[in-house]
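Q: Based on the provided sequences and hints, a complete structural model is requested.
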Amino acid sequence: MEDRPPVVIGAGPAGSRAAATLAAAGLAPIVVDEAPASGGQIYRRAPAGFTRPYRTLYGFEAAKARRLHEAFDGIKGSIDYRPETLVWDLKHGALHCLFDGRSREVPYRDVILAPGARDRIIPFPGWTLPGVYTLGGAQIALKYQGCAIGTRIVFMGTGPLLYLVARQYAQAGVEIAAVLDTAPFAAKRRALPGLLRGGSTFAKGLWCVAALRSSGIMIANGIRSVAADAKDATVSTLRYRDAAGTEQRLACDAIGFGFGLSSETQLADLAEIPFSFDPIQQQFLPERDIAGRTPVPGVYLAGDGGGIAGADAAEVGGERAALALLEDRGHEVDKPHVAALERALCRISGFRVALEAAFPFPADIAAGMPDETILCRCEGVTAGEFRRAAGALGAGEINRAKAFSRCGMGRCQGRVCGPAAAAVLAAALDLPLERVGRLRGQPPVKPIPMAVVI
Amino acid sequence: MPMEAPQFHRIAERDRALVRFVIDRRSCEALAGDTLLTALLTNGRQVRSSEFGDGPRAGLCLMGACQDCWVDLEDGSRLRACTTFVAEGMRIVTRSGADDGR
Numbered sequence: 091m092e093d094r095p096p097v098v099i100g101a102g103p104a105g106s107r108a109a110a111t112l113a114a115a116g117l118a119p120i121v122v123d124e125a126p127a128s129g130g131q132i133y134r135r136a137p138a139g140f141t142r143p144y145r146t147l148y149g150f151e152a153a154k155a156r157r158l159h160e161a162f163d164g165i166k167g168s169i170d171y172r173p174e175t176l177v178w179d180l181k182h183g184a185l186h187c188l189f190d191g192r193s194r195e196v197p198y199r200d201v202i203l204a205p206g207a208r209d210r211i212i213p214f215p216g217w218t219l220p221g222v223y224t225l226g227g228a229q230i231a232l233k234y235q236g237c238a239i240g241t242r243i244v245f246m247g248t249g250p251l252l253y254l255v256a257r258q259y260a261q262a263g264v265e266i267a268a269v270l271d272t273a274p275f276a277a278k279r280r281a282l283p284g285l286l287r288g289g290s291t292f293a294k295g296l297w298c299v300a301a302l303r304s305s306g307i308m309i310a311n312g313i314r315s316v317a318a319d320a321k322d323a324t325v326s327t328l329r330y331r332d333a334a335g336t337e338q339r340l341a342c343d344a345i346g347f348g349f350g351l352s353s354e355t356q357l358a359d360l361a362e363i364p365f366s367f368d369p370i371q372q373q374f375l376p377e378r379d380i381a382g383r384t385p386v387p388g389v390y391l392a393g394d395g396g397g398i399a400g401a402d403a404a405e406v407g408g409e410r411a412a413l414a415l416l417e418d419r420g421h422e423v424d425k426p427h428v429a430a431l432e433r434a435l436c437r438i439s440g441f442r443v444a445l446e447a448a449f450p451f452p453a454d455i456a457a458g459m460p461d462e463t464i465l466c467r468c469e470g471v472t473a474g475e476f477r478r479a480a481g482a483l484g485a486g487e488i489n490r491a492k493a494f495s496r497c498g499m500g501r502c503q504g505r506v507c508g509p510a511a512a513a514v515l516a517a518a519l520d521l522p523l524e525r526v527g528r529l530r531g532q533p534p535v536k537p538i539p540m541a542v543v544i
Numbered sequence: 307m308p309m310e311a312p313q314f315h316r317i318a319e320r321d322r323a324l325v326r327f328v329i330d331r332r333s334c335e336a337l338a339g340d341t342l343l344t345a346l347l348t349n350g351r352q353v354r355s356s357e358f359g360d361g362p363r364a365g366l367c368l369m370g371a372c373q374d375c376w377v378d379l380e381d382g383s384r385l386r387a388c389t390t391f392v393a394e395g396m397r398i399v400t401r402s403g404a405d406d407g408r
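Going down the list, the protein sequences come from chains Y and P. Taking the working numbering as reference, the numbering of the first sequence is continuous, increasing by one, and the terminal residue is 544. Taking the working numbering as reference, the numbering of the second sequence is continuous, increasing by one, and the terminal residue is 408.
To be clear, the hints were calculated from the coordinates, so they are not data collected in a lab. Heads up, none of these hints are tricks.
Mimicking DMTMM-like on lysine to aspartate or glutamate, the simulated pairs with C-alpha atoms at most 25 Å apart in a straight line are:
(1) Y:K181 with Y:E417
(2) Y:K321 with P:D360
(3) Y:K294 with Y:E265
(4) Y:K321 with Y:E469
(5) Y:K154 with Y:D424
(6) Y:K181 with Y:D418
(7) Y:K536 with Y:E174
(8) Y:K321 with Y:E337
(9) Y:K536 with Y:E377
(10) Y:K536 with Y:E469
(11) Y:K278 with Y:D454
(12) Y:K536 with P:D378
(13) Y:K536 with Y:E487
(14) Y:K154 with P:E319
(15) Y:K321 with P:E310
(16) Y:K536 with P:E357
(17) Y:K278 with Y:D402
(18) Y:K321 with P:D330
(19) Y:K321 with P:E357
(20) Y:K536 with P:D381
(21) Y:K536 with P:D360
(22) Y:K425 with Y:E377
(23) Y:K154 with Y:E174
(24) Y:K536 with P:E380
(25) Y:K536 with Y:E124
A: Shown next, in the form of structure tokens:
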């Protein structure tokens, strides 16, 4: 038991750094990752046979991507690395891992969860049409597959990724119909002092916006009431109201959209980490301290899975969590270095607060979603049906509303609809968001073949 | 069968080996290293039909989170298209019988 290797779940910036830190201390962690190669989403590696250089794939972050990949490649031979493996359950000191159609139980004593994040979305009429993708999805098509999601694209939503993805598409020569931001210009102006603390990260963001403007791409702030229309069962038009309240229409054959990121928290839930509501991210998050320790002994949390802070914070947090694990196992750690890591995490979190203020999650858009909008695309549940669960059927919190409506019960387990569904429910019940609760994680956290569990 | 208009358009990394596969009994071509989702969407616009009758679906997140792009194979098995690489000879079914009148 004492010698049981620590487990790291996820091989993105947080998981890679955690694994490298454990390996440097002479341990041989088990690293389980769903992807075929390390890097996570932000530093996702191109498939074999692709030839674009780091500079093209990762832009400003090329050096960081290369360093992270090299750090992981350097320890690959001395750790127990298990790519293409899904952790679908975690309980009583054992992980349930699916690889190549077969499930295996992996006992653990200490585990670092580094599951990352996904796009936070708000459904709108027409969002299930072919041609509508998340911003992260649009970026993966371009970087990982060398494809554009369409030939004339509208990027819509809010957050730094909106401008980054639009810029990457523009640079690749794809026509962009417009960049539509739900955040009002005033919010960005107010957040400016805090944003300036972001230093080079903020400068890169500004550069992105300036580059888009100078290529003549329309950028609109404070937009509302988005809906997509179809021709031949594919998106053909995006309608919206501009900041002045005038309805606008844009012809397009694809839409990339997203409203910041949402933490991947299912495994933390199954590990029985308590959750509390984070007013900045407007989401329930698993509790952890700055070192990544959770209230559950032996369970650590690093990176965006514990709260959105971005890739740089994830690298630092991954290292810090691994050092916490080592400290708890009785290893000596370099105390001044630990203090420096924690100072870096504090600095980044200050910048994140400003980012959330500049690009706020537009809960009013979710709350005001038209009744006929498909809210849960897995189960085909409309916003109207979900509101009925709250109103006529009397569901006072989100798990009850899920049971009554099937919203959030489908194959994605509420990953996609969850944040918007909570906002719809809160508005329907006239409660603050934190009072409607959160969708509980359930195993399997992603679909697995029936044959695996029977 | 006629070529269908693609949703995804290749703009880089075109110099890869051809992979032949089948969509709804139509012979199609993809490139080695394409995910099944890319292979389907560079040859058309549909990945599957919604079980709830609200029309065609073609994925959403491309990162294995939304589970929207699980596709049927002719042999009855299912694959998540965005996290599976296309392979020579795959036979995919994107339209159920009910869609044929579309």
